[in-house]
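Asker: Sequence:
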Amino acid sequence: MKFALIGQDIPSLLPALLADLFFAHREEAEAVILERNEAMRDLAERYGLAVTKRAGCGHVTATANRAEALRDADCVIYAGEPMASSRFRMDREALSGVDDDDAGLCDQARTLGGIGGLMRTLRQGDAVYDLCDAMQIQCPHALVITLGEPVGRTVEMFRSRGFTAWGLTAGWRKGAAGLLGLCGRLGAKPEDVEAVAAGLPHFTFLTALRDRKTGRSLLPILEEQTQAGENGHLAQRWLDMFGAVSVGDVGDHAALMPAQEDYEPDPEPSLSEPVEKRKERILRMNTAAEKGLRDPEGQAAQLLLLSTAPAARPVQLALALLEKRDLELDAAVRANTNRVIANLPREAIIEAPLTLKDGIEQSKGITLPGALADLCLDIDDAGRLAAHAASGDREALRECVELDPALGGLDRLYCLDAVNRMIGMHSDILSRWGEEEDD
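Here the sequence shown stands for residues 10 to 448, where the numbers follow the numbering used here.
Hints were generated in silico from the structure; no laboratory data involved.
As the structure is a prediction and not an experimental result, all values here were calculated from the model.
Incorrect hints may appear among the rest.
What the hints assert, rightly or not - Result set (DSS-like, lysine-lysine): computed pairs, CA atoms no more than 27 Å apart in a straight line: (1) 288 with 183; (2) 183 with 222; (3) 373 with 183; (4) 333 with 373; (5) 183 with 286; (6) 11 with 366; (7) 198 with 222; (8) 366 with 222.
Use the sequences and the hints to build the structure in full.
Answerer: The following block contains the structure:
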């Protein structure tokens, strides 16, 4: 079995990817990393050799040749985003209204919905659709697991080119507004709580919260706390609007909705591995590679690498799908083909718990409150239109701007003009966009 590991974020995920593949699952598999930087190729191969030698199985190589990385791959794990942080700063500056020609739409400097989210999608799409072109030649039947943000939109991009695609986000468990934070305010241990969260990627709400030992629902208590403002004013507002408690980063939820007067998007979101963390990771990978994973120093470096690994585990999901295994995940991103969320359409890209039996997804029949389902429909429509627009489809671009709830209350024609000017600003990496034809 061959795994092609593609994208700028693969190096930060590599310790967990290889540990899952060769230690947790003992796969006699080949992992090929696409890496343009020669020094990083060398490090990835040396580190991979240390892992496979200790595991007693598998093979890891790194190459600068994309065709070589993709050739006959059974699974492509994509985790990347072109120049994420620097390009976001360009967007924010263009939307700041400093000059007379600027759009003056500061609130739209977002990472998910609205103008900022659309521009991020267009840049991501340029890379993803280029990758799809190569995959259709080298591995047309490969399974895709994408961690590339916005995840729901990259899932739709791969699907639009005929690939079976699933996605994983950073999850809704961590953070003050995540499950861990909510459990803390309930005085409950996370392992003693059974939670069901569903909705769209980065836009999930609790549909069930129970004490595992007694079966008692904890949602009424949490709703009471939220109504009293103990979980933040945005969560309180959304409970009033939708009849459901949001879970996960409130900034992500807000980024997909119309502007909130009392909330401003993060001006410096973390979109890539921080420099200091990157230096630490490289140092530890070098130590593990040089000392080996039987040596105490090498073991310590490996443990530190795994302790800071992201929560998403794409290998686990990929193997369950490829080898027809059973699997339970508290969240996965995919099309709603099996009507996991009963009141969203099959083509919607959802995030919800996943149950696989022999590799086949089982329907769960989750139902969202009516007002929430209606908003999810609009957010999903805009997201899938943005994904299609990223292929260079100007009609999809116009429809996305017309429909996106995150642009609520704004002049849509003015927003479209701002988007077109920003496309020109990023023309060096938006190869699928030429000059707009006159109507």
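Asker: If a hint holds in the structure, say so; if it does not, say that too.
Answerer: Consistency of the hints with the structure:
no. : hint         : verdict
1   : 288 with 183 : 24 Å, holds
2   : 183 with 222 : 23 Å, holds
3   : 373 with 183 : 24 Å, holds
4   : 333 with 373 : 19 Å, holds
5   : 183 with 286 : 19 Å, holds
6   : 11 with 366  : 23 Å, holds
7   : 198 with 222 : 12 Å, holds
8   : 366 with 222 : 25 Å, holds
Comparing the model with each earlier hint shows no violations; every hint is respected.
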